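Undergrad: Now for the letters of each chain:
4 protein chains.
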Amino acid sequence: MSHELTTGPLWTGDYYNEGSGKEGLDKLKEECGVFGVFKHPDAASLSYYGLHALQHRGEESAGMCVSDGNEFHYHRGMGLVKEVFTKDLMQTLTGDISIGHVRYSTSGDSKLTNAQPLVFKYRDGDLAVATNGNIVNAPTIRRELEQGGSIFQTTSDTEVIAHLIARSPKGLVEAAKDAFQRIVGGYAFLIMTNDKLLVASDPHGLRPLTMGKLGDAYLFASETCALETIGAELIRDIEPGELLVLDADGLHEDRFDHHKHRKALCAMEYIYFARPDSDMNGANQHAARKRMGSRMAIESFVDADLVTGVPDSSISAAIGYAEQTGIPYELGMIKNKYTGRTFIQPSQELREQGVKMKLSAVRRVVEGKRVVMIDDSIVRGTTSRRIVNMLRDAGATEVHVRITSPPFKNPCFYGIDTPDSRELIASQLSVEEICREINADSLSFLSPDGLITSIQGDNQDDYKGGLCLACFDNDYPTRLDFGGEEKFGCSC
Amino acid sequence: MSHELTTGPLWTGDYYNEGSGKEGLDKLKEECGVFGVFKHPDAASLSYYGLHALQHRGEESAGMCVSDGNEFHYHRGMGLVKEVFTKDLMQTLTGDISIGHVRYSTSGDSKLTNAQPLVFKYRDGDLAVATNGNIVNAPTIRRELEQGGSIFQTTSDTEVIAHLIARSPKGLVEAAKDAFQRIVGGYAFLIMTNDKLLVASDPHGLRPLTMGKLGDAYLFASETCALETIGAELIRDIEPGELLVLDADGLHEDRFDHHKHRKALCAMEYIYFARPDSDMNGANQHAARKRMGSRMAIESFVDADLVTGVPDSSISAAIGYAEQTGIPYELGMIKNKYTGRTFIQPSQELREQGVKMKLSAVRRVVEGKRVVMIDDSIVRGTTSRRIVNMLRDAGATEVHVRITSPPFKNPCFYGIDTPDSRELIASQLSVEEICREINADSLSFLSPDGLITSIQGDNQDDYKGGLCLACFDNDYPTRLDFGGEEKFGCSC
Amino acid sequence: MSHELTTGPLWTGDYYNEGSGKEGLDKLKEECGVFGVFKHPDAASLSYYGLHALQHRGEESAGMCVSDGNEFHYHRGMGLVKEVFTKDLMQTLTGDISIGHVRYSTSGDSKLTNAQPLVFKYRDGDLAVATNGNIVNAPTIRRELEQGGSIFQTTSDTEVIAHLIARSPKGLVEAAKDAFQRIVGGYAFLIMTNDKLLVASDPHGLRPLTMGKLGDAYLFASETCALETIGAELIRDIEPGELLVLDADGLHEDRFDHHKHRKALCAMEYIYFARPDSDMNGANQHAARKRMGSRMAIESFVDADLVTGVPDSSISAAIGYAEQTGIPYELGMIKNKYTGRTFIQPSQELREQGVKMKLSAVRRVVEGKRVVMIDDSIVRGTTSRRIVNMLRDAGATEVHVRITSPPFKNPCFYGIDTPDSRELIASQLSVEEICREINADSLSFLSPDGLITSIQGDNQDDYKGGLCLACFDNDYPTRLDFGGEEKFGCSC
Amino acid sequence: MSHELTTGPLWTGDYYNEGSGKEGLDKLKEECGVFGVFKHPDAASLSYYGLHALQHRGEESAGMCVSDGNEFHYHRGMGLVKEVFTKDLMQTLTGDISIGHVRYSTSGDSKLTNAQPLVFKYRDGDLAVATNGNIVNAPTIRRELEQGGSIFQTTSDTEVIAHLIARSPKGLVEAAKDAFQRIVGGYAFLIMTNDKLLVASDPHGLRPLTMGKLGDAYLFASETCALETIGAELIRDIEPGELLVLDADGLHEDRFDHHKHRKALCAMEYIYFARPDSDMNGANQHAARKRMGSRMAIESFVDADLVTGVPDSSISAAIGYAEQTGIPYELGMIKNKYTGRTFIQPSQELREQGVKMKLSAVRRVVEGKRVVMIDDSIVRGTTSRRIVNMLRDAGATEVHVRITSPPFKNPCFYGIDTPDSRELIASQLSVEEICREINADSLSFLSPDGLITSIQGDNQDDYKGGLCLACFDNDYPTRLDFGGEEKFGCSC
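Protein chains in written order, with full-length UniProt numbering: chain A, 1 to 492; chain B, 1 to 492; chain C, 1 to 492; chain D, 1 to 492.
No wet-lab data here; the hints were simulated from the structure.
Predicted model only: the values in this text are computed from it and were never measured.
Backbone N, C-alpha and C define an ideal beta-carbon position, used for all residues, glycine too.
Careful, some of the hints might be misleading.
[What the hints assert, rightly or not] A few chain B residues facing chain A, derived, Cβ under 8 Å:
#1 Gln55
#2 Glu83
#3 Lys87
#4 Met90
#5 Glu228
#6 Ile235
#7 Pro276
#8 Asp279
#9 Glu323
#10 Pro328
#11 Ser360
#12 Asp420
Please model the entire structure based on the sequences and the hints provided.
TA: Here it is, written out as structure tokens:
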């Protein structure tokens with residue numbers, strides 16, 4: 001193991017992690033976001049605004065690599081898009097093809113070295129790779145490559161793809177197909193050479209990836225909000241198993257996998273990760289979340305004085321719950337939008353005196369009231385307990401917790417950073433026990449059916465609505481056994 | 001005139017100001033925020049979290065001055081609280097009395113020199129001053145002082161107070177009373193010496209100021225959210241004309257003005273400026289805004305498919321409108337929370353290609369729908385037109401604009417940066433004309449009575465609800481004539 | 001007392017101050033440098049290069065104020081000229097009149113607030129002041145001004161002048177004359193209004209100040225090297241008691257003091273402070289220092305294998321000594337030119353293991369050799385002892401110390417930061433005792449006559465060569481008694 | 001080709017390159033410096049001071065990698081050692097084995113990506129590499145590796161070594177021996193794994209590398225000044241063809257090349273590159289340069305009024321010339337020590353008005369004088385012409401140029417960045433023609449014999465004094481033909 005250290009300011013914490021290190025992560029870390037441009041003269045600028053729209057998918061590092069047809073110009077740095085890319089720097093990123101990336105990383109691995117796009121030199125020139133997702137069998141492949149004399153620059157699985165392509169005697173596209181057939185996981189990949197762009201989605205379409213057009217240029221983004229932001233027309237989502245090739249002749253729609261697998265888009269994208277204005281598989285996220293709230297109201301009504309949502313992700317669902325029940329939606333808690341990386345955390349003494357961090361309750365709203373508190377998920381339970389207690393301290397007489405997803409019981413192997421099963425409260429305790437643990441008056445989770453129905457809306461889709469629900473139902477869409485070294489977490 | 005230039009990153013714009021400089025300011029600039037601590041060993045840390053909670057009142061510069069009883073330690077800088085105050089710096093700000101400030105400034109005057117607290121040396125030691133508001137007759141007083149040989153470091157009116165105190169042969173408290181009797185305006189003042197803290201509110205209470213306690217320490221803040229954030233107990237709002245003196249003997253509740261004036265708290269605090277979780281004069285801001293939305297629904301119902309609010313300030317009102325009418329509240333537009341000072345604005349070409357900035361419409365939500373769009377105010381009208389058109393471009397079939405305040409017709413002289421009357425669209429055009437100008441299907445403003453009732457809630461108060469509505473009704477609570485040199489804008 | 005804290009990197013030390021804080025300052029701190037431009041379209045750029053040439057006179061902060069005829073544009077910051085002034089910033093400093101400043105400060109007072117030029121607003125517009133030197137009776141005057149109600153922004157004496165001018169009922173020039181008659185000290189002053197520049201030197205000419213021309217523009221600088229650097233023609237040194245006024249009608253050569261005082265330019269400028277390529281009073285510094293070395297060789301010859309000088313200030317003298325004696329000049333020690341403000345000092349453990357800092361001996365040169373070590377002065381003696389021991393550790397068999405100035409016995413009241421008399425080793429010990437204390441084989445100081453003759457060269461001048469030698473002979477050219485509150489150190 | 005762009009400030013120029021880009025490089029770029037530590041608890045701190053002492057060998061980027069036995073901690077950045085390594089960062093670089101690097105790069109390739117040490121992951125763990133020098137046949141080997149599927153992260157030849165080691169089926173030491181036998185060039189290599197350090201010098205010892213001890217720890221540095229700085233004992237220079245291995249059992253003195261080649265240390269190290277206090281091959285650099293000056297005085301005496309040297313590299317030689325001839329050494333020109341990376345260059349207009357940059361003549365010293373100007377080398381001649389003209393403009397009546405090396409006619413293939421032969425003035429023009437071209441009154445170069453004798457001093461060594469003089473005599477110590485793709489410049 002080796003760590004490149006960064007000079008930039010490091011994350012000083014998160015309001016979900018106020019306590020000691022022992023409590024650790026109590027919120028799923030969002031994954032990564034990718035953005036690609038093919039043949040637009042302002043490729044770098046479009047990437048800047050596109051990545052900015054995807055910023056919620058990764059606040060730790062940002063990078064982009066632009067090709068002017070002959071050479072790459074690239075930059076990666078720790079921080080937000082607007083911090084990493086200055087005006088001066090943008091002017092040097094000339095070219096009309098580009099791939100970009102925003103990244104969260106698993107704890108302890110916050111390094112510049114792993115920031116993407118990764119850039120390599122190989123036999124046929126330059127190669128850049130950006131990905132969102134995880135390759136389950138990356139350790140196995142990496143071990144083989146190292147035995148064959150390969151050296152690696154990063155701990156990122158993404159590098160495996162570059163080695164597989166470079167080692168193949170075939171041309172780029174055929175080599176890439178072989179590589180994607182070799183790897184198992186959930187991913188959206190953008191691969192760029194000096195004059196080509198390759199775009200791939202795993203055989204189950206676990207991670208979102210969408211295509212748009214702006215004039216004659218093709219654009220690719222993890223979420224539609226990035227296309228909307230730059231005024232591009234949404235064309236379609238990338239299909240599972242597809243490998244799109246863009247070169248001097250334009251777009252070639254090809255596949256690396258010709259089998260029929262079940263579609264299994266990550267349900268957590270709808271529940272928590274995606275921006276509410278994004279559409280996935282034809283469903284708008286805000287609308288889906290409102291439906292989750294309404295459905296929750298039907299599945300698990302409770303009489304109360306007000307409904308409130310944990311900001312920002314549960315506001316839509318809370319409004320849905322309120323509309324369905326007629327209980328008024330109120331601003332029971334508020335998040336300070338200025339908190340961020342460089343924010344200094346309060347000392348233990350001040351915390352004990354009641355200094356709040358990012359999130360605070362609105363006393364005058366909740367005082368003396370029975371509160372329905374809507375949240376999207378419970379991971380370890382520590383955050384839920386803290387929020388319930390904060391509402392009680394502010395005078396709430398009852399706190400009824402409604403979670404707009406089923407109990408989260410199983411780790412994700414496809415790009416979401418989840419704790420060990422033993423630390424997932426829902427895999428250890430019953431709903432009643434969790435309710436006591438988080439100090440709530442009542443607790444309900446949305447049923448799997450309710451979740452599927454809410455996401456589908458009027459859409460009708462096959463098997464489980466085309467969703468991966470493995471974290472709830474343990475039904476993983478891919479093989480996970482590769483000689484005892486399965487990998488989870490995010491490889492991007 | 002002289003400008004101290006700052007090396008820090010300057011504001012590159014705001015989504016309300018996308019266009020040419022010609023359009024200029026089309027959103028009222030928030031004012032300043034102040035925060036004071038008397039006798040808490042962690043005065044600087046409390047100020048950090050307190051100012052952070054008041055950040056929305058001023059994003060341009062931040063400063064604090066701490067006294068350890070013998071000397072001042074202070075720092076001011078351009079940027080957000082978390083940017084200006086680093087960990088290393090915080091450790092040097094030792095002491096138990098402090099005053100702090102966050103600041104917006106009028107255009108062209110973004111300078112470090114004017115950042116507060118202002119710090120002076122005078123006959124009796126050190127003196128620091130922080131203020132929110134404006135002194136209408138400052139130019140007159142300043143001219144007199146300069147004729148008497150005074151020299152000034154800043155263009156800020158706040159400096160006038162320090163000179164008046166230093167020039168007085170009386171002791172600090174009596175000198176301060178004389179000074180406050182001399183000045184006319186709307187303000188909240190914090191004045192600190194090496195061992196005292198003075199707190200004053202103008203005779204009409206135009207600007208908010210509240211007092212809390214944390215253990216034995218006294219705290220003062222522009223809004224209650226700052227007290228809640230640090231876990232302090234809210235004691236009461238500072239009364240118009242009060243001068244509180246805190247010294248070794250504790251709190252002395254005194255007054256500099258013994259006349260009975262009408263209470264006239266700025267109505268725009270409720271409509272737009274204050275954080276929704278703050279209470280003023282006993283009313284919660286979110287609740288007041290929801291009532292404005294409900295009342296608007298009663299005053300001016302329109303049949304539609306959905307209600308949406310311009311984020312962030314009009315979300316509460318939009319929910320109120322939706323609850324009252326039964327029309328569903330939807331996320332019709334979304335604001336990118338990562339946009340900020342260092343963000344690079346799109347070029348004209350990209351803007352024409354449709355690249356959005358901070359705000360974007362959610363196509364799948366508004367497409368084919370009749371939309372009620374709730375906003376808090378119309379200043380020049382350019383922003384409203386832009387948002388209406390954005391909704392139409394995203395497919396809205398009708399856009400009905402509902403403004404939760406009366407037409408804004410008159411400039412503010414008490415600390416809000418407003419354009420000239422000729423640039424205030426409501427002082428030039430009728431409601432019908434404005435409706436056409438902003439390209440809306442219909443337009444309504446909340447009535448003054450509706451506004452007052454919404455703010456009051458169940459509270460009953462005298463004359464106009466204790467509010468200043470001068471920007472709507474031209475009834476200014478103070479004299480404005482001082483020899484032709486009246487001043488408006490923010491002096492803090 | 002109050003301290004504005006700076007976020008910039010602070011000085012982490014100096015190789016002369018390796019040890020504990022107790023040892024403190026063992027090198028005279030250089031004073032300040034000033035640079036003025038009158039009517040050149042590139043005033044700011046010329047100031048940048050001029051101040052850069054004067055950087056050795058003050059590495060702590062830099063500032064400049066430029067007038068475009070109507071308003072001032074200014075910036076001050078902690079650090080070197082090249083660090084404080086960025087390209088972007090320079091473009092905003094438009095105008096054709098300017099004054100600039102580089103500054104050292106006394107310990108503990110390293111603050112941005114005291115950085116010059118100081119800028120004020122007064123009755124007649126803007127006023128900026130930059131100075132090099134010290135006002136002995138500043139505390140007395142300041143006390144009077146404060147009693148009259150003046151408030152101060154800085155702890156700098158320079159501010160006194162601005163108050164005296166602002167308080168005078170007379171016009172600018174007459175007010176300035178009165179002010180200069182009132183103050184006592186050693187100084188070079190540049191005062192700027194929106195359209196005028198005033199230039200003054202104290203009645204004894206204690207601090208250097210020179211005038212040049214570049215085309216039609218007038219330039220003023222602490223040393224001629226700044227004029228040479230920007231290609232200006234040297235006109236003449238400013239005379240003691242002169243007050244030059246530059247306005248729309250050009251240069252007016254006036255005086256504020258019509259008495260005949262003895263000329264008394266600071267001898268330490270020749271011995272140590274000035275850049276070797278500067279001329280003062282017609283004498284080149286390098287040449288004067290070489291003559292000091294030659295004269296020292298005549299006054300105090302010692303047989304040895306090599307001569308070496310403590311870099312950088314004593315190289316010229318060492319070469320003079322070598323040329324006079326025929327003993328070869330060698331590089332016996334070397335200074336690391338990259339050391340500076342942000343350099344991390346070695347820990348005590350590493351220092352004990354022999355980690356050197358800025359200065360190191362050249363073992364192969366001095367090993368087994370008898371060394372003549374030339375230095376310019378001895379303040380406390382701690383540095384001399386350290387260097388002698390370093391040479392011995394590197395194998396020197398004998399170390400003969402030759403100091404090219406008389407014993408430094410008395411503090412300076414005219415702008416040089418000197419320790420208390422009790423800490424000046426030469427005021428406590430005899431030459432023999434100092435020799436033992438610094439562990440030298442022999443020690444000699446240059447005689448006062450030798451010093452005067454060396455500085456004069458072929459020039460012939462009256463009384464003591466027109467020099468202030470008070471630090472050696474206690475003969476101060478001005479009054480020092482002002483009611484028990486005399487001030488020394490640098491007020492700039 | 002691909003460029004990683006750096007956000008840090010870039011070099012804005014150099015006083016040798018004042019003119020247009022056309023003139024280009026007119027000074028040899030110094031090479032790189034390496035520093036290694038084996039088993040010292042403060043490995044990172046020692047590296048900091050060691051690299052700081054080697055800063056003159058590379059001002060562009062700095063890096064270090066430290067092993068704590070289990071994992072690597074590393075950081076690389078653009079800028080000086082003191083800029084790249086902050087206090088906070090240093091505390092994270094824990095471990096007792098380390099390698100560090102300072103780097104100059106060839107023009108256009110100033111990228112963070114190429115900053116060293118390079119760090120890799122391979123079959124057996126982590127691997128870091130730092131080098132000074134150039135591998136002539138790197139392109140050939142790289143092409144072969146790429147054909148075999150290797151991918152590269154950098155354009156640096158250094159990466160080739162890592163691939164050769166990783167691809168070998170043998171253990172680390174044997175693999176490294178094979179790799180060094182495979183490459184041809186001039187180099188000093190430091191290779192580190194989690195628990196080992198390998199140190200190698202090319203078969204001719206073209207680049208300097210020396211070993212020291214501090215307590216039980218072994219230290220390796222490009223120059224002895226780095227050892228002296230940290231108080232280490234100098235053990236010996238690394239021999240040509242040696243491969244030292246340091247592991248848990250201590251130091252193993254091994255060789256990868258058992259043939260007897262002629263020793264050929266780069267003569268330019270003595271002439272220009274090395275710090276004057278460093279020793280190489282037993283000769284002190286300052287002493288050698290003084291002897292070059294003396295010898296030059298014997299070979300080519302000219303009557304004159306003063307001798308001056310181009311700072312900083314030619315001061316020692318100028319003093320030697322002065323001592324030999326009796327003509328006084330004077331400070332005829334001076335270099336501003338504060339100029340550096342972030343310095344803003346004067347505009348063309350200001351340059352034409354005479355604004356100087358880093359170097360300026362001392363008018364009062366040279367005016368009316370016949371000057372001998374000593375410099376170390378002439379590359380293109382543009383700088384020499386500029387300096388001669390600067391001295392004439394300052395009033396010198398005659399300028400006699402004496403170059404302390406033979407005419408520089410041939411490019412270097414061993415790590416020094418030299419222009420094309422056609423741009424080397426000495427390969428195009430005769431001495432008389434060069435003399436006219438640079439506008440000198442006379443010009444002489446030191447003879448090869450004179451150079452060798454000066455470097456040797458009292459040492460007696462075989463063939464050409466153990467020096468590489470290829471840039472003067474075209475006698476390259478290694479093969480250069482590798483299929484038409486020979487490489488020159490610095491690969492570090």
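Undergrad: Now tell me, hint by hint, if it's right for this structure.
TA: Tested hints:
Annotation: Gln55 of chain B was flagged as interfacial toward chain A, and the flag holds, the nearest CB pair being 4 Å apart, inside 8 Å. Because the smallest distance between the Cβ of Glu83 of chain B and any Cβ of chain A comes to about 7 Å, under 8 Å, the interface hint for this residue holds. Look at Lys87 of chain B: its Cβ gets to within about 6 Å of chain A, closer than 8 Å, so that hint holds up. Interface restraint check: Met90 of chain B against chain A, minimum CB-CB distance 7 Å, threshold 8 Å, status holds.
Of the supplied interface hints, the one on Glu228 of chain B holds, with its beta-carbon coming within about 6 Å of a beta-carbon of chain A, less than 8 Å. A distance limit of 8 Å between C-beta atoms decides the matter here; for Ile235 of chain B the minimum to chain A is near 14 Å, and the interface restraint is violated. The beta carbon of Pro276 of chain B is positioned within 8 Å of a beta carbon in chain A (closest approach about 5 Å), and the interface hint is therefore held. Hint on Asp279 of chain B holds. Least Cβ distance to chain A is approximately 5 Å, under the 8 Å limit.
Because the smallest distance between the Cβ of Glu323 of chain B and any Cβ of chain A comes to about 6 Å, under 8 Å, the interface hint for this residue holds. Look at Pro328 of chain B: its Cβ gets to within about 6 Å of chain A, closer than 8 Å, so that hint holds up. Using the Cβ-Cβ criterion of 8 Å, the hint placing Ser360 of chain B at the interface with chain A is satisfied: the shortest such distance is roughly 6 Å. At about 31 Å, the closest approach between the beta carbon of Asp420 of chain B and any beta carbon in chain A exceeds 8 Å, and the interface hint on this residue is violated.
Checked against the numbered hints listed earlier, the structure breaks hints 6 and 12; every other hint is satisfied.
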